[in-house]
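**Q** The chain contents come next:
2 protein chains.
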Amino acid sequence: MKLYCFGESGNAYKVALALELLNESWEPVHVDFFNGETRSPEFRKINVMGEVPVLVDGDVTVSQSGNILDYISTITGELGGTFAADRREVSRWILFDTQKLSGQAGPLRFMMNFLPEDKRDQAVIDWMTGRFRAALQILEAHLAGNDWIASGKVTIADCACAGYLFYEEPFAFDRGEWPNIDAWLDRLSALPGWKPPYDLMQRAFPPAS
Amino acid sequence: MKLYCFGESGNAYKVALALELLNESWEPVHVDFFNGETRSPEFRKINVMGEVPVLVDGDVTVSQSGNILDYISTITGELGGTFAADRREVSRWILFDTQKLSGQAGPLRFMMNFLPEDKRDQAVIDWMTGRFRAALQILEAHLAGNDWIASGKVTIADCACAGYLFYEEPFAFDRGEWPNIDAWLDRLSALPGWKPPYDLMQRAFPPAS
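Quick note, the sequences are listed as chains A and B, same order. Taking the UniProt record's numbering, the leading residue of the first sequence gets 1, the next gets one more, and so forth. Taking the UniProt record's numbering, the leading residue of the second sequence gets 1, the next gets one more, and so forth.
Since the hints were made in silico from the structure, they are not lab data. Glycine included, C-beta positions come from ideal geometry on N, C-alpha and C. Worth double-checking, as some hints may not be accurate.
Computed cross-link-like contacts, SDA-like style, restricted to lysine to any residue with a CA-CA straight-line distance of at most 20 Å [stated by the list, open to error]: (1) A/Lys119 / B/Ala134; (2) A/Lys45 / B/Gly145; (3) B/Lys119 / A/Lys153; (4) A/Lys45 / B/Ala135; (5) B/Lys45 / A/Lys2; (6) B/Lys119 / A/Ala123; (7) A/Lys45 / B/Ala134; (8) A/Lys119 / B/Glu117; (9) A/Lys153 / B/Val48; (10) A/Lys119 / B/Arg133; (11) B/Lys45 / A/Leu200; (12) A/Lys45 / B/Gln137; (13) B/Lys119 / A/Val124; (14) A/Lys45 / B/Leu22; (15) B/Lys119 / A/Gly130; (16) B/Lys45 / A/His142; (17) A/Lys119 / B/Lys45; (18) A/Lys119 / B/Ala85; (19) A/Lys119 / B/Lys153; (20) B/Lys45 / A/Leu136; (21) B/Lys119 / A/Gln122; (22) B/Lys45 / A/Ala141; (23) A/Lys2 / B/Ala85; (24) B/Lys45 / A/Ile138; (25) B/Lys119 / A/Thr129; (26) A/Lys45 / B/Gln202; (27) A/Lys119 / B/Asp121; (28) B/Lys45 / A/Ala85; (29) B/Lys119 / A/Asp121; (30) B/Lys119 / A/Arg131; (31) B/Lys153 / B/Leu22.
Computed, partial: chain B to chain A, Cβ under 8 Å [said to hold, decoys possible]: (32) Arg88; (33) Phe114; (34) Pro116; (35) Asp121; (36) Gly130; (37) Arg133; (38) Leu136.
The task is simple: from the sequences and hints, build the whole structure.
**A** As structure tokens, then:
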């Protein structure tokens with residue numbers, strides 16, 4: 001399997017993480033996002049949505065990270081919910097992540113770290129931070145009574161919700177402030193196969209220090 | 001089936017629309033969102049995420065609009081993709097909608113119409129408008145060669161992507177500017193069972209005029 005990705009993409013990392021936890025054979029194809037490759041006509045032939053990640057598995061091309069996670073879970077029979085109700089629970093947390101957790105963390109982290117400074121807008125950062133924190137509160141409350149997001153075991157919903165939270169660039173997320181999330185991230189990173197994002201995918205920017 | 005909703009919620013409308021297109025029997029349960037009901041402890045017992053829509057079908061409670069749409073499609077065998085590749089295509093457009101189309105249209109329309117004027121921020125409106133328009137461009141390009149979003153027929157992906165676009169409040173969306181989207185919305189509203197949002201769900205605010 002080939003994963004079109006770049007290191008800074010939390011959505012790509014979700015997929016890379018699931019592949020590693022499952023010990024699948026895959027290779028990253030680095031996409032030069034910061035110089036516009038995802039918006040090129042060539043890349044749009046691979047994905048009309050103009051974004052990574054895209055997974056190519058033989059004749060099958062899949063995009064949208066939540067959709068790719070579902071594909072991986074389906075073909076392997078692993079990391080999914082066991083029963084119909086569990087599967088719905090997995091699905092709704094992936095959608096929650098898409099809209100409210102990574103949906104805010106992604107553009108917030110992008111603006112705070114990768115946009116040129118003259119294009120960063122504090123009012124927008126404050127707005128996204130507020131929405132991101134509201135989502136973190138929901139996750140923190142949910143994890144008070146649950147070791148994993150859904151189904152009582154690690155699933156693709158954990159890969160989705162944790163994707164951005166393992167990055168170390170500043171984006172208004174301090175693990176120490178969220179004890180249940182912090183403990184859950186520790187459980188995830190203790191799993192066989194877990195690796196941090198930049199160990200799995202080439203980054204576009206050099207390390208900050 | 002009971003749908004916890006309020007008229008202004010495009011995410012609730014997506015579900016109401018699918019139920020109407022399928023001629024399903026359902027009743028709306030009005031939720032007083034604008035006075036904080038979704039954030040109350042009582043409502044969080046129904047949905048820990050503190051939001052509508054929530055569908056209750058006998059013993060089954062489902063939340064997240066994309067997940068409810070999938071549930072409705074699964075139990076009825078209608079409005080889904082026919083083959084595995086079609087189903088993935090339906091799924092990825094629902095996720096695209098969740099993140100980038102409704103994911104921007106929802107908070108943008110909320111800020112422009114329902115937040116008190118002193119809490120509206122032009123920089124945030126401009127930022128969300130830019131992201132919303134980028135998503136509209138992707139949808140417009142996709143609909144150049146497709147009558148429906150996925151699978152060559154109307155599916156839950158159409159209900160999802162169109163949900164916010166049938167509302168008449170101003171939110172930086174002018175149908176005349178997007179001819180393919182405009183024609184697709186016309187096709188949708190010509191379907192038996194189609195109704196506009198406020199015919200299906202009680203609104204919280206009185207009509208503007």
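**Q** Does each hint fit the structure? Answer for all of them.
**A** Each hint, compared with the structure:
1. A/Lys119 / B/Ala134: Between lysine 119 of chain A and alanine 134 of chain B the Cα gap is close to 17 Å, so the pair holds against 20 Å.
2. A/Lys45 / B/Gly145: holds (14 Å)
3. B/Lys119 / A/Lys153: violated (42 Å)
4. A/Lys45 / B/Ala135: Distance ~17 Å between lysine 45 of chain A and alanine 135 of chain B Cα, so the pair holds.
5. B/Lys45 / A/Lys2: This hinted pair is violated, its Cα atoms lying about 42 Å apart.
6. B/Lys119 / A/Ala123: holds (12 Å)
7. A/Lys45 / B/Ala134: Satisfied, since the Cα-Cα distance of roughly 17 Å is no more than 20 Å.
8. A/Lys119 / B/Glu117: The given pair, whose Cα atoms are some 25 Å apart, is violated under the 20 Å limit.
9. A/Lys153 / B/Val48: holds (19 Å)
10. A/Lys119 / B/Arg133: Cα-Cα ~18 Å, so holds.
11. B/Lys45 / A/Leu200: violated (39 Å)
12. A/Lys45 / B/Gln137: With a Cα-Cα distance of about 15 Å, the restraint between lysine 45 of chain A and glutamine 137 of chain B holds, given a limit of 20 Å.
13. B/Lys119 / A/Val124: holds (13 Å)
14. A/Lys45 / B/Leu22: Outside the cut-off at roughly 34 Å; violated.
15. B/Lys119 / A/Gly130: Since the Cα atoms of lysine 119 of chain B and glycine 130 of chain A sit roughly 13 Å apart, the hinted pair holds (cutoff 20 Å).
16. B/Lys45 / A/His142: The given pair, whose Cα atoms are some 12 Å apart, holds under the 20 Å limit.
17. A/Lys119 / B/Lys45: With a Cα-Cα distance of about 41 Å, the restraint between lysine 119 of chain A and lysine 45 of chain B is violated, given a limit of 20 Å.
18. A/Lys119 / B/Ala85: violated (39 Å)
19. A/Lys119 / B/Lys153: violated (42 Å)
20. B/Lys45 / A/Leu136: Judged against 20 Å, a Cα distance of about 18 Å means the pair holds.
21. B/Lys119 / A/Gln122: This hinted pair holds, its Cα atoms lying about 15 Å apart.
22. B/Lys45 / A/Ala141: holds (12 Å)
23. A/Lys2 / B/Ala85: Between lysine 2 of chain A and alanine 85 of chain B the Cα gap is close to 18 Å, so the pair holds against 20 Å.
24. B/Lys45 / A/Ile138: holds (13 Å)
25. B/Lys119 / A/Thr129: holds (16 Å)
26. A/Lys45 / B/Gln202: Not satisfied, since the Cα-Cα distance of roughly 43 Å exceeds 20 Å.
27. A/Lys119 / B/Asp121: Roughly 17 Å separates the two Cα atoms, so the pair holds.
28. B/Lys45 / A/Ala85: Cα-Cα ~17 Å, so holds.
29. B/Lys119 / A/Asp121: holds (17 Å)
30. B/Lys119 / A/Arg131: Distance of about 14 Å is within 20 Å: holds.
31. B/Lys153 / B/Leu22: holds (14 Å)
32. Arg88: Given a least distance of 6 Å, the restraint on arginine 88 of chain B holds.
33. Phe114: At 15 Å from the nearest chain A Cβ, phenylalanine 114 of chain B fails the 8 Å test, so the hint is violated.
34. Pro116: Interface hint status for proline 116 of chain B: violated (15 Å vs cutoff 8 Å).
35. Asp121: holds (5 Å)
36. Gly130: Not OK, violated: glycine 130 of chain B not within 8 Å of chain A, min 10 Å.
37. Arg133: violated (14 Å)
38. Leu136: Since the shortest Cβ distance to chain A is 12 Å, the answer is violated.
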